[in-house]
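Peer 1: Next come the chains, spelled out residue by residue.
Number of protein chains: 2
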Amino acid sequence: MELSITQPDDWHLHLRDGDLLKAVVPHSANHFGRAIVMPNLKPPVTTTAAAVAYRESILKALPTESNFTPLMTLYLTDNTDPDEIKLARKSGVVFAVKLYPAGATTNSQDGVSDLLGNSLPVLEEMVEQNMPLLVHGEVTNSDVDIFDREKVFIDTILRPLLQKLPRLKVVMEHITTQDAVRFVETCRGGSVAATVTPQHLLLNRNALFQGGLQPHNYCLPVLKREIHRQAIVSAVTSGNKRFFLGTDSAPHERQRKEATCGCAGIYNAPVALAAYAKVFAEAGALEYLEAFTSFNGPDFYGLPRNESKIKLIKQPWKVPEYYALKDGGQLVPMFAGRNLDWLPSTLHERSI
Amino acid sequence: MELSITQPDDWHLHLRDGDLLKAVVPHSANHFGRAIVMPNLKPPVTTTAAAVAYRESILKALPTESNFTPLMTLYLTDNTDPDEIKLARKSGVVFAVKLYPAGATTNSQDGVSDLLGNSLPVLEEMVEQNMPLLVHGEVTNSDVDIFDREKVFIDTILRPLLQKLPRLKVVMEHITTQDAVRFVETCRGGSVAATVTPQHLLLNRNALFQGGLQPHNYCLPVLKREIHRQAIVSAVTSGNKRFFLGTDSAPHERQRKEATCGCAGIYNAPVALAAYAKVFAEAGALEYLEAFTSFNGPDFYGLPRNESKIKLIKQPWKVPEYYALKDGGQLVPMFAGRNLDWLPSTLHERSI
Numbered sequence: 001m002e003l004s005i006t007q008p009d010d011w012h013l014h015l016r017d018g019d020l021l022k023a024v025v026p027h028s029a030n031h032f033g034r035a036i037v038m039p040n041l042k043p044p045v046t047t048t049a050a051a052v053a054y055r056e057s058i059l060k061a062l063p064t065e066s067n068f069t070p071l072m073t074l075y076l077t078d079n080t081d082p083d084e085i086k087l088a089r090k091s092g093v094v095f096a097v098k099l100y101p102a103g104a105t106t107n108s109q110d111g112v113s114d115l116l117g118n119s120l121p122v123l124e125e126m127v128e129q130n131m132p133l134l135v136h137g138e139v140t141n142s143d144v145d146i147f148d149r150e151k152v153f154i155d156t157i158l159r160p161l162l163q164k165l166p167r168l169k170v171v172m173e174h175i176t177t178q179d180a181v182r183f184v185e186t187c188r189g190g191s192v193a194a195t196v197t198p199q200h201l202l203l204n205r206n207a208l209f210q211g212g213l214q215p216h217n218y219c220l221p222v223l224k225r226e227i228h229r230q231a232i233v234s235a236v237t238s239g240n241k242r243f244f245l246g247t248d249s250a251p252h253e254r255q256r257k258e259a260t261c262g263c264a265g266i267y268n269a270p271v272a273l274a275a276y277a278k279v280f281a282e283a284g285a286l287e288y289l290e291a292f293t294s295f296n297g298p299d300f301y302g303l304p305r306n307e308s309k310i311k312l313i314k315q316p317w318k319v320p321e322y323y324a325l326k327d328g329g330q331l332v333p334m335f336a337g338r339n340l341d342w343l344p345s346t347l348h349e350r351s352i
Numbered sequence: 001m002e003l004s005i006t007q008p009d010d011w012h013l014h015l016r017d018g019d020l021l022k023a024v025v026p027h028s029a030n031h032f033g034r035a036i037v038m039p040n041l042k043p044p045v046t047t048t049a050a051a052v053a054y055r056e057s058i059l060k061a062l063p064t065e066s067n068f069t070p071l072m073t074l075y076l077t078d079n080t081d082p083d084e085i086k087l088a089r090k091s092g093v094v095f096a097v098k099l100y101p102a103g104a105t106t107n108s109q110d111g112v113s114d115l116l117g118n119s120l121p122v123l124e125e126m127v128e129q130n131m132p133l134l135v136h137g138e139v140t141n142s143d144v145d146i147f148d149r150e151k152v153f154i155d156t157i158l159r160p161l162l163q164k165l166p167r168l169k170v171v172m173e174h175i176t177t178q179d180a181v182r183f184v185e186t187c188r189g190g191s192v193a194a195t196v197t198p199q200h201l202l203l204n205r206n207a208l209f210q211g212g213l214q215p216h217n218y219c220l221p222v223l224k225r226e227i228h229r230q231a232i233v234s235a236v237t238s239g240n241k242r243f244f245l246g247t248d249s250a251p252h253e254r255q256r257k258e259a260t261c262g263c264a265g266i267y268n269a270p271v272a273l274a275a276y277a278k279v280f281a282e283a284g285a286l287e288y289l290e291a292f293t294s295f296n297g298p299d300f301y302g303l304p305r306n307e308s309k310i311k312l313i314k315q316p317w318k319v320p321e322y323y324a325l326k327d328g329g330q331l332v333p334m335f336a337g338r339n340l341d342w343l344p345s346t347l348h349e350r351s352i
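If you're matching them up, the sequences are chains A and B in order.
All letters in the first sequence, in the order written, are residues 1 to 352 by UniProt numbering.
All letters in the second sequence, in the order written, are residues 1 to 352 by UniProt numbering.
In short, the hints are calculated from the structure, not lab data.
We put the beta carbon where it would ideally sit given N, CA and C, even for glycine.
Among the hints, erroneous ones may be present.
Unchecked claim - Facing chain A, from chain B, some residues (calculated, C-beta under 8 Å):
hint	residue
1	ARG205
2	VAL222
3	ARG225
Next up, chain A with everything else stripped away, as it sits in the complex (with noise of 0.2 Å):
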């Protein structure tokens, strides 16, 4: 069996910069057509001019005849001048600003400490300009228990902006919870979507645990329990256009990730495609699949749909145990030694 659909986007995605883009850059630009490009490097990608240029970096470590996009986002801060935002929009190369709440997650000590107060002028401006809001939707406060800040911060922070600016674009970004669909299916008007990530759909929180701590599942927002991981399958495979692929594939150094820093992050991009075809097949809705992949996502963007198209093949494969980096390194990826089914055409046609 094989499926035939537009190629995906990917409206949720970490490329790094330096030799690690350079390795992980062809594994996106395999199977996707664009993505929406984190900004959290060091130091952040602020301006409209860092974006451009961390665009042209990207674009020059791309492997010769891919026609992957990157579409750039800035990272909001509190310093972040409303001009900033006339520019991006006039620019046509940054799509949209991210929000991360100062210290929610890998580079993000620069991100925003008062949205609703010092940040105010700014958003006004994005809507003005129709300019979306990417949002890693967790409260900081160590005091709050970190399974429960996804849903605290839509209580305290997302609904309060959302009165206050109710045509504000907001995408909620690696959505982990109940709450966070329920919030994203009841909001009115067409303003709010969200994106979800592999890991999110096919892993609760035991993998967090199983047969040992297992770093390499670490992500944030963490894994949930059960309840909430099968409330989000519900939602994406319901086909409701609200929720699109956004893989949040963050890679890291395996030797950083499991004893220097403890980063957070799921390095999912070479497996991201079987993954959700995993889930939609097991769910038996495989017709609402490409909505999910190819066409939420550019409609709630306000972006053509791909016109090429890429084939999934139901063909076991077996995911590497590790990609090997120029310097010695290793990059783990999600569900590593582990056979999939569903074999990308753009993987069974390159090497990978």
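Following the hints, complete the assembly by docking chain B onto the known chain A.
Peer 2: Here is chain B on its own, set in the frame of chain A:
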């Protein structure tokens, strides 16, 4: 300020064997008069003969002049014979039998698969011999959320067990939830007690993720939500005699713990007394500290209380970042590199 208390005992300790035993036993012998030594070696200590041999190797590994007394345990398996319990009681060396549900934690693959069926004759003999059953109280079904496994164990295994054998002496080891607290508090008769670790009194599950994944805060049963921590603190600082000190100190070499195995276990022997004192001091309940550390345990086991005294001096001291092992490995203790108050006099007088 200094406190003088009867020398404490550790009613739940992992001493390992070989070089690791030699490295860690002084840390326990520095503080504690006696310790219940867990039998989860490879292969497990399943017979009195093996327990006697293990005891000898512990005594040999002790610093000269140490009066530390190891109290041995047997590892309950599907093949344990009731006669082994008679032998154990006669030996004067074995003081309890440890239940590991198969697959629950480090070296538990030989554990019990059918406690309420196949193991019943052994348990009946334990009632006859007044031999306590020490329980790792978690179900091992991977479908059960890891944070629910203690509660489910109580409801599905421990309650039925005590209905069948109401005279069986049970210690619920390293309790982590308000459910376990309530269970112990409300059991009729004096046959059920619980040990409590420093980590479950001082850390909630956010500590597993604070500033990146923290393997050295990973133990089983895993750290729980703050309300559970608070319930356990309330229980032990209330003076209830059914709760007593059991560190569950569980050394794993750093590299193995961080990368190779992700093993569960926190090495807290060097800091345990300071940590317990911190808990009781912060709760304004120092008057109950000595009963928790030094009376409730021996009273439950029917053993005499220690006669010697130790001092706890309110004086800041810094926990080492790690302890070097002979083979070049490292042991990272709980609270590595942090300052604690309450320096035990035994540490003050000897070097650590």
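Peer 1: Please go over all the hints and tell whether each is borne out by the structure.
Peer 2: Results for each hint:
Below 8 Å, beta-carbon pairs count as interface contacts, and ARG205(B) has one with chain A at about 7 Å; its hint therefore holds. Below 8 Å, beta-carbon pairs count as interface contacts, and VAL222(B) has one with chain A at about 6 Å; its hint therefore holds. At about 5 Å, the closest approach between the beta carbon of ARG225(B) and any beta carbon in chain A falls short of 8 Å, and the interface hint on this residue holds.
Checked against the numbered hints above, the structure violates none of them.
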